[in-house]
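Listed here are the chains, written in short residue letters.
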Amino acid sequence: MSCSVNLRKISYTNNKDELLKDINLNLGHEEKIAIIGSNGSGKSTLLKIIAGLISPCSGYVEIFHTKINNLKEFKNYREDIAYLPQDVTNHFLCPIVIEDVIFSLRARGDSEEIALQKADEILKNLQISHLRERIIFDLSGGEQKIVALAGLLILEPRILLLDEPTNALDEESEKKVIKILNSIKKSMVIVSHHKSFIESLTPTIYKLNKTVLEKMD
Amino acid sequence: MKNKESLVLVSSLLYSCIVAFSALEYIFLLPLGIVLFFEKEHAFKIFKKAIVLNIFIVFLVLFVYFQNPQEAWELLIRTNLILFYNIALFHKSKGYDIARGLDTLNFNCKIVSVFYFTLTLINYLVLDFKETKNTLQSRGFKNDTSMFTYKTYGNIFAMIFIKALKKSEDMQFSMKARGFKNKIYFLNSNTINIFERILLGSIIIIFIKVIYELFS
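Top line first, the protein sequences correspond to chains A and B.
Here the first sequence is numbered in my numbering, starting from 1 and rising by one per residue.
Here the second sequence is numbered in my numbering, starting from 1 and rising by one per residue.
In isolation and in its complexed conformation, chain A is listed as follows (with noise of 0.2 Å):
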């Protein structure tokens, strides 16, 4: 199977804390995984290390069988990685739902008509058309991370990397995120700490434990 994302004896210090040590770690092709571990484990910072938004203090990051050497180098791969923060307010960078869902388009130069266009097929597969013209900061939780979602999906990235994304939401809505998450078909790095949740997605499952990723049976 080809890889999508290798990680290399990546070891991160924060604050003289070490969080992690010696990771690796292969993302196939498709292939959806999950890291699962306890608060302030480092699932966050090395899902942030995926996503290029963070160096590690030594080893490196393969993209598409490629050697990533620094944070410049991943600008490369930006529309093919998408990266949705555990907190998900911080994603948006629009007031309303249907300008933020075409933000990346419009930023990679597409016109506004075909992302108009993207915008509303996304949305409506999502089942969420109805919250097109609707101001982002007045969703509910779950609203919120079904429209990033669909912010995300709009540039066809082929890495998805999801910090927490069924976090403080409520069973249908967490319902809802499953089910769109198990519809879509790249490579995936889930992270969090509902392992019920991560159960109905992929039966890859790694812990963080301690600095130390392992792989669960």
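Simulated from the structure, these hints should not be mistaken for lab results.
Since we're looking at a predicted model, the values are computed, not measured.
We put the beta carbon where it would ideally sit given N, CA and C, even for glycine.
The reader is advised that the hints may include incorrect statements.
Claimed, not checked - Simulated restraints, written as ranges between beta carbons of each label pair: (1) N125/A with L187/B: 31 to 41 Å; (2) L127/B with N26/A: 36 to 46 Å; (3) A168/A with T118/B: 20 to 30 Å; (4) E113/A with V52/B: 41 to 51 Å; (5) S58/A with F117/B: 32 to 42 Å.
Dock chain B against the given chain A, drawing on the hints supplied.
Same frame as chain A, now just chain B:
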């Protein structure tokens, strides 16, 4: 009613300047009357907001009144005309439409982005502060003039400040991940509704009148 933001911004600026810098006339009531007519369902809310803000104006007017009563009255009328007009125009606004208006008026994209994100962070700070106030209440905190109260407020403001820093750092990550290049892409409608047409018409009439009187 959803108004065209740039038009509302321009009319607000023009009206405020005309009322502030030219001799008072009855015709100045026309745009205000139009806005209040279209917003009549929210009239109570508008008056309430204006009255609260008038507390500050009344103090100012009182000080002027003892030196020059005529000027004090003028000051009261001018400030209230501007205040009522702007509250009536923007009382439903959450601020984001102002960013949208600035964008339509072709302001530099950096200025629009800075305005928008400042507004977003202010909204978060307000929300945070409200939540913290609720927490204080639920944990039995009572305001008084003791050192404990000051220390508590000091801690709260420090925490809100640190949270805001963390939030802006996380937002920066999102900007990076989503390919943000200083520009926010707003969708702007090109249609002008009946309210905007009438409002703009009344402002133009006043503007022409003021200019005509200035040069005649």
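Going through the hints against the structure:
1. N125/A with L187/B: 31 to 41 Å: Given about 20 Å between the Cβ atoms, the range is violated.
2. L127/B with N26/A: 36 to 46 Å: 41 Å, holds
3. A168/A with T118/B: 20 to 30 Å: 26 Å, holds
4. E113/A with V52/B: 41 to 51 Å: This hint holds: roughly 45 Å between Cβ atoms.
5. S58/A with F117/B: 32 to 42 Å: 34 Å, holds
Hint violations for this structure: number 1 only, all remaining hints satisfied.
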